[in-house]
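Peer 1: As you go down the protein sequences, you meet chains A and B in turn.
Last residue of the first sequence: 905 in the working numbering, with the numbers rising by one and none dropped.
Last residue of the second sequence: 905 in the working numbering, with the numbers rising by one and none dropped.
Since the list gives no way to pick one copy over another, a pair counts as held whenever it fits inside one copy or between any two copies.
Subject to a maximum C-alpha distance of 27 Å in a straight line, what follows is the list of computed BS3-like cross-link-like pairs (lysine-lysine):
# : residue 1 : residue 2
1 : Lys-472   : Lys-874
2 : Lys-686   : Lys-630
3 : Lys-874   : Lys-514
4 : Lys-637   : Lys-686
None of these hints come from the bench; they were simulated from the model.
The structure presented is a predicted model; accordingly, all values stated were derived computationally and were not measured.
There are 2 protein chains.
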Amino acid sequence: TIDGADQSTKIDDKVNELLSKMSIEEKVAQMRIFHATIGVKSDENGSLLLSDRVKEKLKLGIAGIKNPGEHISPLAAAKLNNELQKYIIDNNRWGIPALFVTESYNGVDAEGCTKFGRPLTSAASFNTDLVNRIWDVVGKEARLRGMHMCHSPEADIVRDPRFGRMSEAFGEDTYLTTQMVTNAIKGVQGDYEGLGAGTHIGAVAKHFAGYGQVLGGRNFAAVEISPRTLIDEIYPPFEAAVKDARTLGIMASHGDLNGIASHGNPDLLTSVLRDEWGFDGYLVSDSNDIARLFYFMKVAESPEAAALMGLEAGIDVDLYAEDSYALLPKMVEENPEIEKLIDQAVRRVLRTKYILGLFDNPYIDLDKVNKGVRAESSLALAKEADLESIILLKNDNQILPLNKNKPTKIALLGPLLSEHTKTAFESVAGSNITFMAAKGFSLTDEKKGVPSLLEKNPTAISKMINIARQSDLVVLYLGGDEHTAKEAYFNNALGDRATIEPVGQQNELVTKIKALGKPVIVVLKHRRTLSINTIAQQADAILDIWDLSEFGDESTAKIIFGEVSPSGKLPVTVPRSIGQFPFHYSQKEINYKKGYLFLEEGPLYPFGFGLSYTTFEYSDLSISNAELTPETEISVSVSITNTGSVKAKEIVQLYIKDEIRSVSPPNKELKGFKKIALDPGETKTVSFSVTPKMLEFTGKEMTKVLEEGDYTVMVGSSSIQGLSGTFRLNN
Amino acid sequence: TIDGADQSTKIDDKVNELLSKMSIEEKVAQMRIFHATIGVKSDENGSLLLSDRVKEKLKLGIAGIKNPGEHISPLAAAKLNNELQKYIIDNNRWGIPALFVTESYNGVDAEGCTKFGRPLTSAASFNTDLVNRIWDVVGKEARLRGMHMCHSPEADIVRDPRFGRMSEAFGEDTYLTTQMVTNAIKGVQGDYEGLGAGTHIGAVAKHFAGYGQVLGGRNFAAVEISPRTLIDEIYPPFEAAVKDARTLGIMASHGDLNGIASHGNPDLLTSVLRDEWGFDGYLVSDSNDIARLFYFMKVAESPEAAALMGLEAGIDVDLYAEDSYALLPKMVEENPEIEKLIDQAVRRVLRTKYILGLFDNPYIDLDKVNKGVRAESSLALAKEADLESIILLKNDNQILPLNKNKPTKIALLGPLLSEHTKTAFESVAGSNITFMAAKGFSLTDEKKGVPSLLEKNPTAISKMINIARQSDLVVLYLGGDEHTAKEAYFNNALGDRATIEPVGQQNELVTKIKALGKPVIVVLKHRRTLSINTIAQQADAILDIWDLSEFGDESTAKIIFGEVSPSGKLPVTVPRSIGQFPFHYSQKEINYKKGYLFLEEGPLYPFGFGLSYTTFEYSDLSISNAELTPETEISVSVSITNTGSVKAKEIVQLYIKDEIRSVSPPNKELKGFKKIALDPGETKTVSFSVTPKMLEFTGKEMTKVLEEGDYTVMVGSSSIQGLSGTFRLNN
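Produce the complete structure using the sequences and hints provided.
Peer 2: This is how it looks when you write it as structure tokens:
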């Protein structure tokens, strides 16, 4: 808009005026972030307490501070952050405010905020509006505690379940991830409007680029990927984050990309991100990663060379390091040329602060905090999201939902049971149902860094069997605990795994419980894809809940007792074995179709799969025109009827396959989805537009091309089930 | 040489003259190979018998025929092939002879030839001279049965043990593979001189390029690899095959390379192979792969488009397909331009035939055949190679070698036992040792295409235990049979695997046998890397024999009874789990050093590792100059002393690590090795030249660069043990 352009010019003028007055040390301070743990606290009265080290730093101003007030209540954090901001403004020559920075995997990563399900969980909802509203709450709750930027969401494509961080992103598919990430960013930024209005915070899409492709699923590992796959499958969520969602920030990726350290890669961070996509925002390093170009990545000969490499690549803000951009003032003395690059970076940081309105309105209105954080509507949203994200993988003989009116004794068993599970189930089930609960055994000890698998406990299972014997039906909570899949920092903090079998005695447990002859419902709680062959064989029903909100137990009980029909679908392929990877559904067919000796072919559960308490019939696939041209689009529609007896939602999925193309074609690719609600007997028609843009790919000459030929379109309930038709693209 | 150049010009003149007379149909016939199974046989008197289909084809001449006489004796094959060649020459207008084509994984792939160990086995010898002599025998034996070309050796880098063909290549390391492949080619071609002399055959290095990198280890799969890794790690064996070993032929790779089908990739097959490296030889498709560009790879819109794609990419010869280059004569009518490309391909094929002397001397002297094939020296070489290739992985309490003079009852047990094992052991061990033998159970049924794992046989192990109880010591033959690792053609012929655990009851067997308290020596016979965690824990000693020659049992017995000390070293990394892959020793350190939760770090056995019956002490590492310049070289030397009591060979390995470089550096890389023999107490000094060429890599701008800086050099007995020093490269 013209208003927007005016606003932007005004900001640029102010930034330039400010910049012209700043010393080199002040400029560089605007390129650094430190963590609050180095000396930002509140005293017993809740008043600000700064270490001398922090006070010394703040004399020059600062780009930002990570997580001030992380472990105190939202109101206390808001108060602290107001004081901190005032101190910063008062103590640097030009009164420049700081950015307070948080993250969000499942709600603001701080005390007292609404806890939602993890990104991979919400991706299972295939509900973009829902994700948008979740992140709207994240943005509001973060801003209300005095935060301004969120080093989230993850726009990475995660296809390797060995990677401990896979649940922080939105799954294996490029299109699904793009939809989720852009909605998350729009939500957290309040459609960009919320930034200046002071109601929301800036997003930082990460990790650019290829972080999900670390070799062997090992954090910090090298990445090997063809340039074409990088462009066609890894870039799109980032490109959309910039162009469509207007993300304020981007974070670079740990490690290398085809041999070039991402933090020292100007082709990636400047040519692609800024020149091609027009990104002009805040480009921040990952923790210490500019310094690590020297001491870890070994691609720079000295800390100074590392700092120069990061600066020249285009990184504006150095996260944490004390020996990297900190060296720039001295380096300028010897190499005055680089001040231009410094000015450019500082401009972007100051601009970010102006966009967030921090110069005009740096403080939080404390009266609003307690009303705004954990609002009833936010808690309700967390519950709503859970109910849309739970995936029903198996339901033999329609054992689910359970009938609340039928007196039943249920044994709640298993290592993933929480102390609240029984209460939650009781509150949902009502008085006809009685529960017995026993966790039985834990999977890991409680060491935080490198936990151990616990020894097998021979009595635990027999105790659980005794409880199960007294029940009519068993609900088994299996999966992985918080230690078995998490971010692996280094060798003293592991979280990546070489296998994806359920650990400990879980397979034994489900097998022995099933042998009692009672119905077994498995609730699968986990943060990485698991190869649940034994569970899939033994359980009568499986609810895959991944990692739900703080109301997860209650939500699971609601699904089990049929208050809502499950409507989540798998945002990843579930394999039979880690040895099948790489194994995403869209993989080129020449690869996907070749089986292994002694292993059943194909996935255990395919991408996009999920059952319902009702049945849906797809019919009348109709393609508006058998021919598409570069200037036209066609419409593909299908009728879906709820042929069962309960109201339910269905995720209708559109897949397209280029039958023949000059560059070997993917198996098929998700190009659209719609989530619809249907009453019993109701029919709805769902239409998708197929546009030439959807059919573009990076051709032999490494430019985007649109190729004549035949395409197959499938509309259905998963990546392997649906109605198919064909059309032809003529140039 | 000038003679060589003259010869080459003469050939070109002859080729051009011939070409000028040929019809388009005759030309295209020189671009096609068919398999002898379609109609080349001998009758009961050993005389040639051709099907009508073959006779019809041969009227036009033919580029070549695969495997005529494969299943008959060398002499019968020579006779048949002489008759076949005469028929061909007599029945095409210009009397053009044909190429008869074979392969070699472990000696000529035909009846009655010397059977050597597989390439991966011989790679374990780290003895280039030995490999050269093996392939010299292959070349001679093949030529004597009337063959002219060998669609071998494999120059692929094999790093994924899921891949069923891994034992056909020389292992995970680029340098080792390069040494082995060039020596194999020089051997099979008789140092090129043997081609025209009629004593040897032409090599075809395959599969260009990246075939070992198939995703998921699945044959025909897509390949994703960074362009830099492709150049620095995958190309070198091929480049050396062309430039150093002067291979007559190259075969393209199945599948795609970063999205572009290899058989339709002019950058790969023409720009790199011909323009950059100067290859002017016979470029052949893999089986049916030009036609598959259409019906399998789906990158060509029709069979005609596939043929054109292969032709334009630079493939001279179409292996087998009836609907690809066969279409060229008709295509020329519509598109006369392509005749130029056809002429170019035919020229290369005819030139190959001239180089092989086939116009002047197309027949085998039958008198030489039986003297030349399976000569005493060849059989002795097979035995010698075995003894150099067996790897001692574990030898607790120096249980090996066994003493022939000490009366001992030995139980030979396990599914990998052959019917000859007991006899072979008896012949080596002499009269003091008595043997009992029982295979116990098989691993798979004998179906050829998709074999099944056999049901567990509960009595088999107890029977074996009973035999073991009567013994003083157990030798257990474990590993994988011929069905568990092999080329996977399609879904009706599988050979790739998703796990690398030993199949069947093998872990149970070794555990129960060990529980008897008797010494257990495991002989590991297999064609893919296995994660032998249980075996490594239970066995007192492990001899890793991979897949030895026809004398393998005898060779293994000789090592066990100490006739020779083992001297093989691992040409691959042995992992703890398939989940650790990719996992080669030279992998970038940022990747390699990060461990997995719940898994011991690092490999089970590292690349280059292997024990001996003696001990070696490394001392006095000396670097001739602390500084290297682009114009100089330095010498790195080390003293090795045999500090044990038996004569033995040691493989001294040179590794170099670039400490810091602009493109993230490999962990370390093998850059030299020497195999030396030492008497007890003897010391030898081994020197390696370090040249600037060894330090080159593909830099940021995708050209080869040499970077200033510090390098660490290690000389030692494996990739993780040795003496280290440093030097600096100054430009």
